[in-house]
Every structure is written in structure tokens, then in C-alpha cells.
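2 protein chains.
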Amino acid sequence: MIIYGRNPVREALRGPREVRRIWATKNAAREPWLSGPDRSSLELLVEPATRIEAMCGSPSHQGVCAEVSSFRYLSGTDLLYVDEPLIVALDQIQDPQNLGAICRAAECAGATGLVLPERRSAAVTAAVCKASAGAVEHLPLARVRNLVDFLAEAKAASLWCYGAQADAASSYEQVDFRGGVVLVLGSEGRGLRPRVAAACDLLVRIPLHGRVASLSVASAAAVLLYAASVQRHSAAE
Amino acid sequence: MIIYGRNPVREALRGPREVRRIWATKNAAREPWLSGPDRSSLELLVEPATRIEAMCGSPSHQGVCAEVSSFRYLSGTDLLYVDEPLIVALDQIQDPQNLGAICRAAECAGATGLVLPERRSAAVTAAVCKASAGAVEHLPLARVRNLVDFLAEAKAASLWCYGAQADAASSYEQVDFRGGVVLVLGSEGRGLRPRVAAACDLLVRIPLHGRVASLSVASAAAVLLYAASVQRHSAAE
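Protein sequence lines, in the order shown, are assigned to chains A and B. Residue numbering for the first sequence follows my numbering, starting at 2 and increasing by one per position. Residue numbering for the second sequence follows my numbering, starting at 2 and increasing by one per position.
FYI, nobody ran anything at the bench for these hints, they're computed from the structure. We put the CB at the ideal spot given by N, CA and C, even for glycine. Take these hints with a grain of salt, some might be off.
[Unchecked claim] Residues from chain A shown here face chain B by an in silico Cβ test under 10 Å; the list is partial:
hint	residue
1	I3
2	N8
3	M56
4	P97
5	Q98
6	S133
7	S159
8	D177
9	E189
10	G192
11	R196
12	A221
13	H234
[What the hints assert, rightly or not] Partial selection, computed: residues in chain A whose CB lies under 10 Å from chain B:
hint	residue
14	P60
15	R105
16	A107
17	E108
18	A110
19	A123
20	A124
21	A143
22	N147
23	L204
24	P208
25	L209
26	H210
27	L216
28	S220
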């Protein structure tokens, strides 16, 4: 697949994917992360911006795109048998911007990985790589056939599943996010599907103090991920 | 100005701006929030989607756009002389998506308002209204000539100014965000300008536990706003 943009290509070079070839404008090709001595084995072709745009199909390429091996998803089980994992599970998030933003926040917060259903969900496209600022190159992502089954498997593995819901009785700041945890987030607008909500151990809300009805799913993810991250890292000290 | 999208138009109807006229597709015009009995005085014109797109200049209109009075900014001083305000100040945030997302998180977290410099900053355009899901209709926004002068004025009014910086010595979760507070965020990539950072009382970081270099500014804003909101609301109980 072709990925584009400075952060996505730079992070792909630092991550596990094979980077087969890079196309860059004359200016971008001079950037230190592309032209340093450890990059001598890289196949780097200088092209005009119009050619790069045509190759990646987006005007957001920032002068660079790359051909990389296809994204390798894990299975849900791969994420569960880590010591006390912190997992984000997304229910029908279809917008690539939202998926990318959540991947970036999850990687920054030190999450173990992220779980996507195979159907009715955005997958890791070049737009998601861009929206994540390249974070998807370092974040284990799993695809599962059925999210409810995955949550059942997580509970059987002694993880706690917390679903975000705007009108839940419990507020997130009262929750103990230490240990093995799955944070479950639903799509903007519709929220969690009832069967997914029912599969959670506890539903939690992020209190709203204004007049609009909800946080964006990407902001909700950042708030919950960092609430969990702070508890888990202060417990470890 | 013309705003577009379901949430932006609905929130404009609930907010202080004058809504002069609404154009909607046949389907959108039937939605309860547009067609209810309390909407009888509304000038609502049914138009095909192509006409609505031409009027608002965006394909993201969701079947509805409206002519509203221009956005009214406050002065920075207006926000300072509220009892213990929680203010977000943005240094050179130029991307309308980021500005909209930060406005939405600020409104949800119960912030008093948001401060933008007059120059080199996004203003409240229709794209920002859309990205904020209409939250800008309920969030006081101030424009200031000079952000450093505003921070000096805030400090003189006994507020504490906290600047977000990736490599700051203090981590945000150790900070007391109660009382009058300004959260200062810089642009994606460049961060706070040195003079703005120097004008803050304390620089705070959000710990990064992954391999990518930074959170998005919208995620950072959500994390800091909710850290402050939780402290302030639990203190009030």
C-alpha cells in the first residue's frame, strides 16, 4: 500500500513494516530523517509534487509518500495474553479521522493495542495512517469477527470491560482502571450498540458541563485513556 | 454568515445568534428539531441538496444550512472577571478542525471561554462551527491582539497560567487546577512560542508512553480540560 505524509512515512521507517520505496519532492528529500547516513540503503526517488499527489491520491502528502508492506493485524487473543493489558475496542467507528486520532492517543497513553471489528468499521488505510501521525506503525491493532465475543473472551481472561456511554450512572473518574482493562467506545452519534453495552462490566460517562450533547469520540478516548494511564503509571511507581 | 450541518444549525437555534433563514432538503426539514411547534416563526425553505451545497460551499452540510448573524467575540477582559474562570488560550492554532475540536471539548468540560489571537489563528468560520458540532454557539470566545499581554493581564487578575509543553518538567496530573486558570496550548508541530511559554506560570507535560513524539493538540486539550474539570467539580461538591 501507499502511505503519505511526513509523520506516517517517518514512523513507518521506525516501525515493523517493510518500506519498499519512497518518493519525495526535492525539498522533502533533503530532510534529515530521509537523507541521513543510516538511510543509504533506502530507495528514494525525487519526483514533483504533482506526481506524488497522483500516486497517493491525496493533497495532504507534504511532499512524501512511500510504498510499504500491507498492515498486519493481530488477532484479539494476541492482545489479551499480555500482562495487565490496556486495550481500546471500537464499536463501528467508520470515520478514518476518528480512528486515526484514537490510535494516536492510544499509542501516546501507552495502550497495549486496539481492537476493531472486521465489518462496519474503518480499517487502516493511508488516511488513517495520516490522521494518526504515524502512530499506527507502533500500535498493535487486532481485527475481530465479533466484538461481543471478544469482550466475553476478555472477561474470561479476567480483564474488566468499561463501555463509554453518555448517560451511564458511574462517572469515569471514580473507576479503578488498573489491571487488565478494555475501554469500549461507540460511534459518534449512535454510541455503543445495546448488545455491546450489555457485554461490558460497567458503563461509564464523562460528565458534560456544557449545553452540547456529547464529546467527540476522539476526545472521549483521550480523556479515558489518560485517566487510565495516570492511575496505572502512578500505581507502578 | 452561512453555517451548515445538523448540529451547528440546531445549536445556533438554541444559542444567542440570530438565525435569519434556514434551507433544508425535504428529508432534513422533517426532523423534529426543525419542524416542531416552537419553530413556526422560522423561515424554512426546502431546497435540493445541490442548492444547499452551492450555498454553503461544502459537501458536509447534511441537508441543512442557515444564515445567521456574524459571530460575536468578547474581549479577553470579559473572560477574566468571572468568578474563578477556566479559560483556554490558543497560540497560533490555524487548523479549523483543531479549533473546532478544542471548542467542543472546552464547552463539554464547562470552560468559561476560549481566547484566540487576532492574527495567525483560525477564526470562527462555518468549518469551525461544523468541527465543533455547534459548541461554539454556547462557548464565549474572545479575540485578543497579543496573547502575551493577555496572559499578563490574567496573572494580574490572580489567575494561574499553565502552558502545555511536551518536555516540561511538571506532569499535568500533579497540578492543582482549581481557582482561576488559563490553559495555554500551542500549534501542532511548533508548540508554544518562546515568549508565550515564558509568560506562563508553569509549563506542564502530558506524559508520553509510546514512540510517537506528541499527542494531537485537540487530544491534549481534552486531557487537560478534563483533568481540570474533575478537580474543580469534585472540589465544589
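Going through the hints against the structure:
1. Because the beta carbon of I3(A) sits about 21 Å from the nearest beta carbon in chain B, more than 10 Å, this interface hint is broken.
2. Hint status for N8(A) relative to chain B: holds, with the closest Cβ pair at about 8 Å, below 10 Å.
3. Annotation: M56(A) was flagged as interfacial toward chain B, and the flag is violated, the nearest CB pair being 24 Å apart, outside 10 Å.
4. Taking 10 Å as the C-beta cut-off, the interface hint given for P97(A) is violated, the closest approach to chain B being about 13 Å.
5. The beta carbon of Q98(A) is positioned within 10 Å of a beta carbon in chain B (closest approach about 8 Å), and the interface hint is therefore held.
6. For S133(A), the shortest C-beta to C-beta distance to chain B is roughly 8 Å, which falls under 10 Å, so the interface hint holds.
7. Here the hint on S159(A) is broken, as its CB sits about 23 Å from the closest CB of chain B, past 10 Å.
8. The beta carbon of D177(A) is not positioned within 10 Å of any beta carbon in chain B (closest approach about 15 Å), and the interface hint is therefore violated.
9. About 9 Å separates the beta-carbon of E189(A) from the nearest beta-carbon of chain B, less than 10 Å, and the hint is met.
10. Given hint, G192(A) at the interface with chain B, is violated; its Cβ is 14 Å from that chain's nearest Cβ, farther than 10 Å.
11. At a threshold of 10 Å, the smallest CB-CB gap from R196(A) to chain B is about 27 Å, leaving the interface hint violated.
12. Given the 10 Å rule on beta carbons, the hint for A221(A) holds: about 8 Å separates it from the nearest Cβ of chain B.
13. Checking H234(A) against chain B by beta carbon gives a least distance of about 7 Å; that is within 10 Å, so the hint holds.
14. Look at P60(A): its Cβ only gets to about 14 Å from chain B, farther than 10 Å, so that hint breaks.
15. About 6 Å separates the beta-carbon of R105(A) from the nearest beta-carbon of chain B, less than 10 Å, and the hint is met.
16. Against a cut-off of 10 Å between C-beta atoms, the interface hint on A107(A) holds, since the closest Cβ of chain B lies about 8 Å away.
17. Restraint check, E108(A) versus chain B: the minimum CB separation of about 4 Å is within 10 Å; hint holds.
18. Hint status for A110(A) relative to chain B: holds, with the closest Cβ pair at about 6 Å, below 10 Å.
19. The interface hint given for A123(A) is broken, as the beta carbon of that residue sits about 17 Å from the closest beta carbon of chain B, more than 10 Å.
20. A distance limit of 10 Å between C-beta atoms decides the matter here; for A124(A) the minimum to chain B is near 20 Å, and the interface restraint is violated.
21. With a least beta-carbon distance of about 17 Å to chain B, the hint placing A143(A) at the interface is violated under the 10 Å criterion.
22. Evaluation of the N147(A) hint against chain B yields a violated restraint, the C-beta minimum of about 28 Å exceeding 10 Å.
23. Interface restraint check for L204(A): the shortest CB-CB distance to chain B comes to about 18 Å, outside 10 Å, so the restraint is violated.
24. Annotation: P208(A) was flagged as interfacial toward chain B, and the flag holds, the nearest CB pair being 7 Å apart, inside 10 Å.
25. Hint on L209(A) holds. Least Cβ distance to chain B is approximately 5 Å, under the 10 Å limit.
26. Proximity of H210(A) to chain B holds as hinted, the smallest CB-CB distance being about 3 Å (cut-off 10 Å).
27. Taking 10 Å as the C-beta cut-off, the interface hint given for L216(A) holds, the closest approach to chain B being about 5 Å.
28. Look at S220(A): its Cβ gets to within about 4 Å of chain B, closer than 10 Å, so that hint holds up.
In this structure, the hints that do not hold are numbers 1, 3, 4, 7, 8, 10, 11, 14, 19, 20, 21, 22 and 23, in rising order.
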